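Line by line, the protein sequences give chains A and B. The first sequence stops at residue 1568 when you use the numbering used here, and every number in between is there. The second sequence stops at residue 513 when you use the numbering used here, and every number in between is there.
Treat the hints with care, as some may be off.
[Stated by the list, open to error] Computed footprint of chain B on chain A, listed as stretches where at least three residues anywhere in the stretch have a Cβ under 8 Å from a Cβ of chain B:
no.: 1; region: 1483-1492
no.: 2; region: 1498-1508
no.: 3; region: 1530-1542
[Unchecked claim] Restricting the straight-line Cα-Cα distance to at most 30 Å, the calculated cross-link-like pairs of lysine-lysine (DSS-like) are:
no.: 4; chain 1: A; residue 1: Lys1494; chain 2: B; residue 2: Lys43
no.: 5; chain 1: B; residue 1: Lys123; chain 2: A; residue 2: Lys1563
no.: 6; chain 1: B; residue 1: Lys94; chain 2: B; residue 2: Lys43
no.: 7; chain 1: B; residue 1: Lys443; chain 2: A; residue 2: Lys1506
no.: 8; chain 1: B; residue 1: Lys424; chain 2: A; residue 2: Lys1560
no.: 9; chain 1: A; residue 1: Lys1510; chain 2: B; residue 2: Lys294
Hints are computed from structural coordinates only; laboratory data are not their basis. Please read these numbers as outputs of a predicted model, since none were measured by experiment. Idealized CB from N, CA, C, for every residue including glycine.
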Amino acid sequence: MNPKIDLDHICTLANLKLTREDKKLLESQMIKIIKWVNKLEELEFDIFKGELDASVSLSLPFREDKIKPSLPTEEALASSPEKSEGFIKVPKVIEEK
Amino acid sequence: MRLTSLSATKLSTLIKKKEIKAEEIVLAYLEKIKESEKDLAAFITILEERALASAKSIDQKREKGKLAGVPVAVKDNILTKGIRTTCASKMLENYVPPYSATVVNKLEKEDAIIIGKTNLDEFGMGSSTENSAFFPTRNPWDLKRVPGGSSGGSAAAVAGGEAAASLGSDTGGSVRQPAAFCGVVGLKPTYSRVSRYGLVAFASSLDQIGPLTRTVEDNALLTQIIAGQDSQDSTVSSQPVPDYREEMQRELSSLKAAYLKNMVLEGIDPEVKETYYRTLSVLEEEGAELREMDFPSWEYALACYYLIAPSEASSNLARYDGVRYSFRHPRYSNLKEMYLNTRSEGFGQEVKRRILLGTFALSSGYYDAYYLKAAQARKLICQEFEKAFEKVDFILTPTTPEPAFLIGEKEDPVAMYLSDIFTVTANLAGIPALTIPAGLSQNNLPIGIQIMANFFQETCIFKLAFLLEKKVKFGNNELN
């Protein structure tokens, strides 16, 4: 049975817009991939959610809370596409009524 | 003496003995790059002026570092301050990072010379370097074939004499598979061994940076240099870094190795299989205690990987929205449209496919059936390794199911994903794994064998690889 994929919904969640052709192709490829990964259904698990920790256990490291110089604003913003007076510029988010 | 076929260790020795200047080495490599790049297309950016300037200043130094004058190529998803770092994506085509990755700083501290930034599958997503937004890289052993991926440029550059060593990143085999396809040595270190500060994130629970080199000794040296704690990356282990190069010269105290059941190898290329068995018999002659082992969970490893990696990628790549990183689509009427247009135009097909797949696996109503199931399968794989390493020191497998395939041969994504069958398990479990060239096919294509060991057992891996390197005939330098 083919898995059901609501590609429009997934695209909305992922902030992606597809052309009609891409959509057709990606939809068929994703169905194929999902069918392929459905192999996992064969596995029976008695593992609890809580046990799914990282593969290498690490303790949370701490360092001294010392103030060090950080990246100058100008350098940090150098690659952003639009900026003004030390800020990144984006289209207006809040609309006027 | 051809400088472009010498090992990194040999080059730095020559420099230290003052038999040659760093400038001469860099000039020889730049000459080779000029000659070969039109065929290989391994580099996205070649740092001619910068490399020459570094060489000149190293030549002036009295005290020289461990990699003095060694031209190293760096995968273009590893940040280099002031040098464009593209991830082979249109999204980052003009991105110039304001800082360097820790691994780059560590290499430069030892006087390595960064000669260029190498091509990859966009954001590390692929197994052939065909998914680069700019151009595909070709395999130096056969220009009709892929160099593997995603660190294809890094592998081709070392095999083709364009760099003495290189760095790649490995999320599901992206160092080892191209290293095997190009006949070089490639290591994915233990998860947490090497700092990832400045590595553009793909799947954070799997990513590791690793070196690609012409010899095992070079690999040990580079690993030693790049490994270890970093105040900028809290996921790095505080375990001390051994002197791998020194340690690997000593004999192995125990050589118990597991090999795969014949059944598992069904469907793989017969020449790969033959090379695998030949390598096993070499080990046996060296007194190895070999035992056949079954890893039933590996059957699920690829499915598990192709849910976990895209899930993490879908989250990591959310940051590319036209706000911070260089590319913003010129047409939009509001914020949402800016996000949509930027991401739809900036990402290539494979990246979109993986973001969508990951978004799907994490979405409400599907999380339990997909992501959680994959996380459980991952745990099962880890447990199987744990049990195996109670009985053996190593697990040996072929690195890839076949030698390098033809450019354009694998159009179906699932067929491409199958290339990673032997490599993904080490990423899922977090253990170290190295590929070493172990033979040539009748078509003159390199075949690699993979050595896996328990967490932080890189020293043992290098010891075994060093032993195999001496025993297995592989005409690596014939290519140059």
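Consistency of the hints with the structure:
Coverage of the region 1483-1492 of chain A by chain B holds. Counting CB-CB distances below 8 Å, 6 residues qualify, and the rule asks for three or more. For the region 1498-1508 of chain A, the proposed coverage by chain B is satisfied: 7 residues have a C-beta within less than 8 Å of a C-beta in that chain, meeting the threshold of three. Only residues whose beta carbon comes within less than 8 Å of a beta carbon in chain B count, and the region 1530-1542 of chain A has 4; three or more means the coverage holds. Among the hinted pairs, Lys1494/A with Lys43/B is inconsistent with the structure: their alpha-carbon atoms are about 53 Å apart, more than 30 Å.
About 25 Å separates the Cα atoms of Lys123/B and Lys1563/A, which keeps this hinted pair within 30 Å; it holds. The hinted pair formed by Lys94/B and Lys43/B meets the criterion: a straight-line CA distance of about 19 Å does not exceed 30 Å. About 19 Å separates the Cα atoms of Lys443/B and Lys1506/A, which keeps this hinted pair within 30 Å; it holds. The suggested pairing of Lys424/B with Lys1560/A is violated, with an alpha-carbon distance near 59 Å, which exceeds 30 Å.
With a C-alpha separation of about 21 Å, the suggested pair Lys1510/A and Lys294/B falls inside the 30 Å cut-off, and the hint holds.
In summary, the structure is inconsistent with hints 4 and 8 from the numbered list given earlier, while agreeing with the others.
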